[in-house]
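Enquirer: Turn these sequences into a full structure, and let the hints guide you.
Chain residues, written in single-letter form:
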Amino acid sequence: MQTVGQQLIITAIPTLPALVFLVLVLAGRLLKENAQYVAILGVTISLVFSVFALLFVAGIIPGGGAPIEFSVNWIDLGLGGSFPMGVYIDPLAAVMLVVVSFVSLMIQLYSGAFMEGDKRFAWYYAILNLFTASMLGLVLAPNFIELYVFWELVGLCSYLLVGHWFEKPSARDAAIKAFVVTRIGDAGLFVGIIIFWATTGSTAFTDISLAAQSGFIGGSLFTTAVILVFVGAVGKSAQFPLHVWLPDAMEGPTPVSALIHAATMVAAGVYLVARTYDIFVQSPTAMLVVAYIGGFTALMAATMALVKKDIKRVIAYSTVSQLGYMMLGLGLGNYTAGIFHLYNHAFFKALLFLCAGSIIYAMDSYNLFDMGGLRRRMPITFWTMIIAGLSLSGIFPLSGFWSKDAIIASAYDEHYYLLYGMALITVFLTAFYIFRAIFLAFTGEPRTAPASEAVESPGIMTGPMMILAFFSIVSGWAGIPEGFGLPIYDYFGAFVQPSEFAVSTLNIEQPAFSFVIGGISFVAALLGIGLAYTLYVAQPERAGALAARFSWLHTFLDKGWYFDALYGATFVRAAMWLGRATRGFDRDIIGGIVRDVGRGALGTGGLLQRLQSGAVQNYALFILLSVLVIGVIVGAQYAVLVVGLIALVTITAFAVGSRL
Amino acid sequence: MPQIPPQVQQFLDALVSTPPLEGYLVVGAILFAIGAWGALIRRNAVVIFMCVELMINGVNLTLVAFADYLPNAGGLGVSYAVLVIAIAAAEIAVGLAIVLAVFRSRRTVSVDEVTSMRG
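As they're listed, the protein sequences go chains A and B. Counting in my numbering, the first sequence runs from 1 upward without gaps. Counting in my numbering, the second sequence runs from 1 upward without gaps.
Quick caveat, the hints were computed from the structure, so don't treat them as lab data. C-beta: ideal position from N, C-alpha, C; glycine also. Treat the hints with caution; some may be incorrect.
What the hints assert, rightly or not - Looking from chain B toward chain A, a few residues come up when the C-beta cut is under 8 Å (computed):
#1 ALA33
#2 ALA36
#3 LEU40
#4 THR115
To be verified - So the derived label-pair ranges between C-beta atoms look like this:
#5 A:ASP596 - B:ALA86: 51 to 59 Å
#6 A:LEU608 - B:SER79: 25 to 33 Å
#7 A:TYR619 - B:ALA97: 17 to 25 Å
#8 A:TYR619 - B:ALA86: 22 to 30 Å
#9 B:THR108 - A:THR604: 28 to 36 Å
#10 A:ASP596 - B:MET50: 44 to 52 Å
Expert: So, in structure tokens, the structure goes:
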């Protein structure tokens, strides 16, 4: 159990960045460039508190050692149930908290220089902090409703940040695309939540898992609901077939891409699957879907990254691919490996983007073929990017090796040889495309004037890069498998474990470290790097020749397997048609009715206007006539009265006649 | 003392006896009708007011006649009649003031010429 003070500290983790957001929104115009100091202060305290939560959950702080859990009732429907707002921090959430706040801090430090002179500087920082706050809140959520609230906030923030330079039409379109595509996933998630809530009466992860175990929900309905939840994760984590938004999201400022790709947005999907793992393991079908979607996405995105000219897009496809690995790990039942990869990936992917940002900052171009020869001019960027690239490729002993190897080994050990093959090819492709980018940018001769005049970025940018480079090397050492023979304890594996229930349901032996499997993927990565070296350093003319020789393949990959064209021709077109039809209906039918009613009222008014003669006696006459008519109607049964009234009417008629 | 013929006696009896309710009602109705007629056809605003007075008094007569005819009503009709008289006085005061104001500005009291409220 934790004390109230400790609960306050935990609550402050997401609240502080949210407060910073409020301060920056209200006082951003006054603070201008000073906004970064407010933001960095807030997120630093969040990081300290996150570390506290991690130590507490790990049992290093006295009184801890168990998951932190507390909640308040948010909406109480009486007999209809209730929706609590709470906090649940198990080792998974604790690790995520630290990763998110750490990466966010690095990026906020870096952004100070990168975004200098931007006219919406404070607004940028405000949204960056809201983004961080939403992701931290998402990590803490113990139930679907709370998670969904933060889930949507994360989506909103990514929309705002991708579209930060909304004066550019392409940035605007990318922001809308990111929002709409992830919304498709969100809709699936929401339906899944509703199914769970309708059948189990609860939205808490643990309750739903227990309800499914005791048979309140099962069979195809359960599988459907689980897969719908996974659809949400697919949208957020940019998995096939909803991966199309992530490369376009590169229109945002580069530090934002780092944040989206490393810690916040896209990690949310993987985190959701991990968070609801006890539910997922109860549906073998869903697990298989997760594994195959993950494996396929990893391979597909890696092929797309091979030919991109835009350095950020190469890294973006790399993210899609690595997220596929994580999904693959989770789907195969190797929970620890999936999360381990998420954690390692956060560091080296953030670093890759910051390196790319550094290059862009130096020479204001995204195109790899504008660069070249930057190695001497930007040594820190070069070496940090080499480290990140090696880590991403899975080169021993950098962090990427350990987690990626664990996932690949899982695929082999569980006899999913197709998935194993796809993962292995992806290792090769990954090493190739990232080193292609590095070689193109840093080696050879400068291809343009900006490249030959580039200078190293300021210390506030290279500082976070070096810190991240350090973590890209060592973060994996927290989880060196015991079978490797080093006298280092497998802290990560011991700390972040699936629940006992998940272990017993899956009933699979976690693979021991195998030097053969590890060696094979290591060699595949080296081959990839070697091929990249051959094609882009040793014999650069061969690359062009190959591209010309297989131009159809080159175009196919460069267009991203024509997914955009396909979606454009089907869904976008259909949606546009629907939009036009709706607009037509609204304008012609609804609007027409409204216009006609208005016109009718106007016409009737025009007719009645003639009665308004201004002569008082006419009005009196109308009153009298009306009274008579009413009298006739009310007193119709009294024949005598009727006759009398008719006489009066006659008299009045004469009166009118003489008046007019 | 000459013998009075029964028909004449009957007539005299009718003269001295209380007239029936219908008589009052008919007189009231006639008063009202004359008033209404006048209010509708006369052009002079002052005359219209007089006609309105006639209508009001026709109603008053009816009220008082019913008050006598229905003793159980507790004199409600009479008190209503008093109320109507009071209101009629107020109405005349306001109305004549309006007529005076109109006359000052337009030098006429003919309602046909005061139609500036035409829609």
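Enquirer: Indicate, hint by hint, whether the structure satisfies it.
Expert: Against the structure, the hints:
1. ALA33: holds, 7 Å
2. ALA36: holds, 6 Å
3. LEU40: At 5 Å from the nearest chain A Cβ, LEU40 of chain B passes the 8 Å test, so the hint holds.
4. THR115: OK, holds: THR115 of chain B within 8 Å of chain A, min 3 Å.
5. A:ASP596 - B:ALA86: 51 to 59 Å: holds, 52 Å
6. A:LEU608 - B:SER79: 25 to 33 Å: violated, 41 Å
7. A:TYR619 - B:ALA97: 17 to 25 Å: Once the Cβ atoms are compared, 20 Å apart, the range 17 to 25 Å for ALA97 of chain B and TYR619 of chain A holds.
8. A:TYR619 - B:ALA86: 22 to 30 Å: At roughly 25 Å between Cβ atoms, ALA86 of chain B and TYR619 of chain A fall inside 22 to 30 Å, so the hint holds.
9. B:THR108 - A:THR604: 28 to 36 Å: Since THR108 of chain B and THR604 of chain A have Cβ atoms about 34 Å apart, the given range 28 to 36 Å holds.
10. A:ASP596 - B:MET50: 44 to 52 Å: At roughly 50 Å between Cβ atoms, MET50 of chain B and ASP596 of chain A fall inside 44 to 52 Å, so the hint holds.
In this structure, only the earlier hint numbered 6 is contradicted, and the remaining ones agree with it.
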